[in-house]
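**Q** Going line by line, the protein sequences match chains A and B. So for the first sequence, our numbering puts the first residue at 1; every next one is plus one. So for the second sequence, our numbering puts the first residue at 112; every next one is plus one.
Worth flagging that the hints you see were computed from the coordinates, not collected in a lab. Some hints could be false.
Result set (DSSO-like, lysine-lysine): computed pairs, CA atoms no more than 27 Å apart in a straight line [stated by the list, open to error]:
id	chain 1	residue 1	chain 2	residue 2
1	B	K524	B	K208
2	A	K41	B	K208
3	B	K208	B	K380
4	A	K32	B	K360
5	B	K251	B	K162
6	A	K48	B	K454
7	B	K149	B	K198
8	B	K360	A	K34
9	A	K13	B	K162
10	A	K32	A	K48
Examples of chain B residues toward chain A, derived with CB under 7 Å [to be verified]:
id	residue
11	E340
12	H343
13	P506
14	P510
Since the model is a prediction, treat every value here as computed from it, not as a measurement. Using N, Cα and C, we set each Cβ at its ideal position, and we do this for glycine too.
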Amino acid sequence: MATVPTPLRDIAKVVRSKNAGPFEITLDIVFKTKEDFEAVKQSGVITKELVSELYNVPTQAIITFGFFDLVNAVKITLPRPRPQGGIGETDMHAAQQHVPLQEIRVPWPAP
Amino acid sequence: MGLALKPHAITIDAGSTDSGPQKLGLGEMTCSREAYVKDIEVLLEGQHDAKVPLLISSAGGDGTNLHVDVFRDIIAEIAQRRGWRFKLAKIYSDIDKAHISRELRAGRIEPLGPVPPLEQGEIDAATVIVAQIGAEPFNKALDESEGIDVIVSGRSYDPSPTAAMAIRAGFDPALAWHMGKIMECGALCAEPVGRTVMGWLRHDHFEIEPLNPAERCTTASVAAHTLYEKTHPFLLAGPGGTLDLSNCKYEQVTDRRVRVSGSRFEPSKHYTVKLEGAKTSGYRSIFIAGARDPIFIGQIDEILARVMAGTRAYFKEVPEEAYRIIPHLYGKNGVMGDLEPVKTPAHELCIIVEVAAATQGLATAICNKTRTSLMHAPYPGRIATAGNLASPFTPLEIPLGQACEFNVYHLMKVDSPTALFPIQVEEIA
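Let's have the full structure, built from the sequences with the hints guiding it.
**A** As structure tokens, this is what we get:
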């Protein structure tokens, strides 16, 4: 089947970021169906190395990275770039740090 | 409406570190006192009608002793106005700094996640340090005095009040914690997300349903809820152990209700509590300005670098490390900073320059110098020679007061889950 590179924002049900406590940021990608989840997982596009590049975090510093079958979701937890709410904060709740993930393109059946 | 379902308790968690360190650092609360009066009155009315315990945890958001007393006063005020009587238990969770220092020296305190090891200097610098209580202090309060109507606690692990009642009644702690974990966020586990939920706990499962008939819980929405704001989707560490949800079963009971089973709880070898503290870190001032000229916007990084160097030269008597100038460029990379993947700026920018220094006066002076320099900075190709910035507000420099930062976020071993948390009971009429 013909595929086109399609951003996750057009595939996933949820792509979000949030504090997990004052020193971590957690990112969730939740899929609409098991089939979508499996297809993205099998594509091999979402890797620790990609996350490391997008968020400028060494792979060994990534706290959680995984495809979780029970919830059809990818979960990624990273150290926060700075402690929450201190001098120089740009995103108190870390609620707007998800965009690089929603722009990830995976090969997807052409519409 | 939830009360018609005859619950055995009403629980509500007021806590969060999410809105920032200024609560612990400066004694602020998440919401205004007026907002708490309004919400607590609704809860007290529910307690008064249903005659079941009302458990409110993490008073004020940070759960300091100070805010437990604020909540107590609000309850007394409402009780007096409405002519109600309550038997109230208060659980305090500020931890004596001398105790923390002793435990640190004894090697019983460890960082929680990507946090530096605790140092004595940070203990001293923290305004106040609280510990998150588990279920045990709530149950101790209920066990020690007959007929407690209301408990107001200091900082609590969010699910503790819900789990406590269930564990006390002899239910499986794993299910009790899991149900508490879901319910502490209200109906965030529903589709669409809502406010209040009802949980039914039985001996081998629990069920969850939103109170608003326009919302529904689905197996997917309930299973996915534990992703929210958590480090790991299935392993949730708390006081006394870790909840393991990797083998849970989620079943759709009705189109709005989900049944959950298979939760496991692994008690930890040593009981630990999470310590939270914040310190003040100087004063901040900001200015806010717009920029619309494309010739200026195209050179903004270079212009700002020259302006900041000029400010540093002007304040040469102040040591460089004694203050910070941090530009936030909305329309360029204000939200994501260096991580911003889009490199082309928008047609207009909102420029916020944040200055942090030891005093408010110095922060404002540096902020003022930076703003006026940026306003009039020359740059190659400049044809708008009257000024570079569009300023929407006065004061042009805005003092923000003291800045705070979290500096204690560590696990401390305790010999007893209750000994550090004094309980006081009083009759309120």
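**Q** Going back to the hint list, which numbers does this structure go against?
**A** 2, 9, 13, 14
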